[in-house]
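The chain contents come next:
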Amino acid sequence: MDNIAGQKSGLSIATNLSVIALVLIWLIPTIGLAVSSFRERAQISETGWWRAPFSVEQAYRISPDPEGAYQDGDQWVLEGNLFDSSEDASGQGTVSGFGITSRAPGAAEPGMIYARYEVQVIEPDGEQDDTNIEIAYAEGEEPVFPDVDEDGNTVVQDIPPIFDRSLQVMQNGDFVYRDADEIDRGPSVYITAAQPPEFTLDNYDQILTSDGMDRAFINTLTVSIPATVIPIVVAAFAAYALAWMDFGARGFLIAMVVGLLVVPLQIALVPLLTLHQEIGIGQSFLGVWLAHTAFGMPLAIYLLRNYMIGLPRDIIESAKVDGATDFQVFTKIVLPLSFPALASFAIFQFLWTWNDLLVAKVFLPSNADSWVMTVKIADDLLGSRGGDWGILAAAAFVSIAVPLFVFFAMQKYLVRGLLAGSVK
Amino acid sequence: MSPVVQGIITIILGVGGCAAYFYASNLVLDKVIFPPRNDDHGRNINRANIVRPWLFVAPAIFFLGLYLVYPVVGSFFRSLYNRSGNTFIGLGNYTQMFSEEGFRVALFNNILWVIFVPASATFLGLLVAQLTDRLKWGNIAKSLIFMPMAISFVGASLIWKFVYANNPDIGIINAVRDFFGLNPIDVLQIPFWNNFFIMFILVWIQTGFAMVILSAALRGIPEETIEAAIIDGANPFQIFFKIKIPQIAPTIVVVWTTITILVLKVFDIVYAMTGGNFDTEILPSYMMDYMFRDDGRATAVAFVIMIIVTPVMVWNIVQARREMR
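Top line first, the protein sequences correspond to chains A and B.
What the first sequence shows, in the UniProt record's numbering, is residues 1 to 424, in sequence order.
What the second sequence shows, in the UniProt record's numbering, is residues 1 to 325, in sequence order.
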């Protein structure tokens with residue numbers, strides 16, 4: 001149908017472009033999360049994830065080891081490489097600026113000399129005072145002192161300034177530090193370095209080892225596997241009866257199942273929690289399994305019955321003529337043939353129980369040992385680690401990894417189930 | 001006992017128990033109660049076949065009855081009692097609730113949700129279904145737009161928290177604003193419009209669902225009708241709006257109502273995004289505020305949701321009965 005009348009090529013380009021735009025809008029948020037979860041945490045707060053492939057400008061305070069300082073005339077000198085002296089800043093970084101105060105960590109460009117002098121100034125009220133002034137100048141030149149300092153005081157030019165300290169840092173991190181006094185402790189120097197993009201598994205390591213996400217992961221698995229398997233067994237028998245056995249209440253039961261498909265879960269919470277507490281189940285995994293089994297039941301029966309009733313009548317009737325009982329027909333013929341429908345429902349129920357927050361919040365105990373991942377994220381991490389985006393991203397990604405895998409691996413069955421499951 | 005071991009035992013006991021129940025009950029029925037022997041041979045087989053369907057449906061009826069039918073009644077009765085549950089106060093919870101600002105805000109927001117989310121998701125789903133219909137890479141595009149369906153509401157909320165973040169180095173919206181020299185803005189705190197930012201998360205999730213169903217419906221349209229329209233000189237837009245849409249209208253209604261029902265259940269997104277602050281509360285999240293604190297009020301909210309759902313439920317049942325004939 002592509003090249004017949006009624007199709008215009010201009011329209012086709014527009015179609016392609018709009019689908020690309022829509023797909024991008026749909027994909028970008030998830031990509032952002034995935035990228036962020038692998039980034040180094042300091043980098044996350046410095047630049048957006050969309051700039052993750054590029055280097056990040058970060059400021060470091062480094063205190064090089066004073067070992068090896070020597071005297072040169074009336075100054076003491078310390079030389080070395082800043083990247084070697086700091087674990088934080090190590091790596092393949094390139095210095096983009098340096099300084100000797102935390103106020104201006106990148107005041108001077110690499111290769112320049114940045115020095116502090118003590119100068120005399122005249123304050124606006126006429127008083128003379130001494131103050132420190134920092135000056136950057138190129139190697140081989142003499143420092144030029146400004147007429148006015150930062151605070152607006154006039155610098156007295158004819159009194160020679162007293163040298164305090166100076167620092168020179170090269171792009172590769174080599175530095176020369178000079179001080180008027182003896183260097184007995186590591187001086188504080190600052191650099192801004194363009195750190196290459198850093199991707200790490202640290203965020204995952206942290207949430208899985210120290211933040212308890214591993215426990216939550218296992219809890220989620222523990223909730224969702226039995227809550228997926230058991231309803232299938234129960235519903236399959238009922239679906240067979242509603243599809244292939246003739247009895248008076250059949251029509252009524254089918255109508256009931258269809259009606260119960262839309263009953264909001266909220267209505268069940270209070271009475272059932274009360275009931276669970278009265279009969280001694282309380283808030284426990286057993287309670288969650290029972291609740292999930294029941295809440296998945298209408299969809300399970302509906303899906304399976306719709307599928308089973310479409311199976312060829314001949315097969316079932318000839319089996320019965322040959323003397324098979326309903327139980328045999330069900331286990332030997334209908335169940336194996338219904339595999340696609342069983343798979344569809346299993347995927348639905350698995351995704352639903354894995355992703356559920358409401359049932360877990362109500363029917364599981366509210367202590368950290370029983371938290372499933374959704375509860376862990378919503379009630380714990382979003383509160384206590386609210387600003388720690390790397391941790392949040394990794395936690396979210398751990399929780400959505402399994403459903404995404406199931407989704408992409410078994411999309412065919414999911415689509416089939418959706419098509420059969422929407423009430424026509 | 002660790003929950004994992006408990007879980008494994010549950011699977012074995014649950015599945016084994018179910019299998020044993022069905023097998024044993026059938027066996028007992030055939031061999032013990034109504035054995036096809038002697039003069040009662042024929043009659044006993046018939047009797048057994050009358051009872052057998054009930055053996056098959058009994059466990060399902062137990063679950064449906066106890067966990068879904070009973071609570072509707074139970075919730076209603078509970079909602080007539082006060083917080084501690086020992087004093088009958090009639091419709092007191094309801095009158096009290098309707099007089100409160102918080103509930104009215106939640107109800108109003110929920111009406112917004114029920115209008116905006118199904119409408120947008122169905123519209124976008126239809127749009128994608130139609131646009132990808134003849135594309136070579138249509139299936140990949142559909143698969144990617146369908147993907148959020150697999151993500152939990154909490155996970156989706158977190159994903160969008162990144163997008164909406166106030167910090168222009170985290171949130172892409174504020175990064176764009178920053179690029180144009182505008183001040184960062186917390187979209188979740190803009191009165192009224194914050195609701196739409198939260199709603200969009202559910203639209204993002206549900207568009208895939210609408211797309212899958214509507215795409216199948218579009219494929220099911222008989223080719224002859226479209227060919228005839230083309231021969232008559234219809235342009236692509238006329239074909240879409242005058243030929244295709246009327247033919248898939250029933251499916252659109254199904255998608256629309258399914259998403260509407262879902263909207264009335266989802267409390268996770270509001271809970272994770274704002275916790276109901278900044279006037280973003282909706283009925284399901286409003287109910288969770290009272291869960292564990294005031295069961296009377298919580299069940300009253302649940303029953304209001306139930307009443308809103310009832311027309312859809314009746315309509316579903318009527319449709320299903322019509323189909324069965």
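The hints are simulated quantities; they were obtained by calculation from the structure and are not laboratory data.
From a predicted model like this one, the values you see are computed outputs, not experimental measurements.
Each hint should be verified, as a subset may be incorrect.
In silico DSS-like pairs for lysine-lysine, Cα to Cα no more than 27 angstroms straight-line [said to hold, decoys possible]:
#1 320(A) with 242(B)
#2 332(A) with 412(A)
#3 136(B) with 242(B)
#4 332(A) with 320(A)
#5 136(B) with 412(A)
#6 242(B) with 332(A)
If the Cβ cut is set under 10 angstroms, some of the chain A residues that face chain B in the computed set are [claimed, not checked]:
#7 46
#8 159
#9 160
#10 163
#11 248
#12 300
#13 361
#14 378
#15 406
Some but not every residue of chain A turned toward chain B, in silico, with C-beta under 10 angstroms [to be verified]:
#16 26
#17 51
#18 53
#19 54
#20 55
#21 162
#22 238
#23 253
#24 265
#25 298
#26 311
#27 312
#28 315
#29 358
#30 411
#31 414
We put the CB at the ideal spot given by N, CA and C, even for glycine.
Hint-by-hint comparison with the structure:
no.	hint	in the structure
1	320(A) with 242(B)	violated (50 angstroms)
2	332(A) with 412(A)	holds (25 angstroms)
3	136(B) with 242(B)	holds (25 angstroms)
4	332(A) with 320(A)	holds (12 angstroms)
5	136(B) with 412(A)	holds (19 angstroms)
6	242(B) with 332(A)	violated (49 angstroms)
7	46	holds (7 angstroms)
8	159	violated (46 angstroms)
9	160	violated (46 angstroms)
10	163	violated (40 angstroms)
11	248	holds (9 angstroms)
12	300	holds (9 angstroms)
13	361	holds (8 angstroms)
14	378	holds (5 angstroms)
15	406	holds (7 angstroms)
16	26	holds (5 angstroms)
17	51	holds (9 angstroms)
18	53	violated (15 angstroms)
19	54	violated (13 angstroms)
20	55	violated (15 angstroms)
21	162	violated (42 angstroms)
22	238	holds (4 angstroms)
23	253	holds (7 angstroms)
24	265	holds (6 angstroms)
25	298	holds (7 angstroms)
26	311	violated (16 angstroms)
27	312	violated (19 angstroms)
28	315	violated (19 angstroms)
29	358	holds (6 angstroms)
30	411	holds (6 angstroms)
31	414	holds (8 angstroms)
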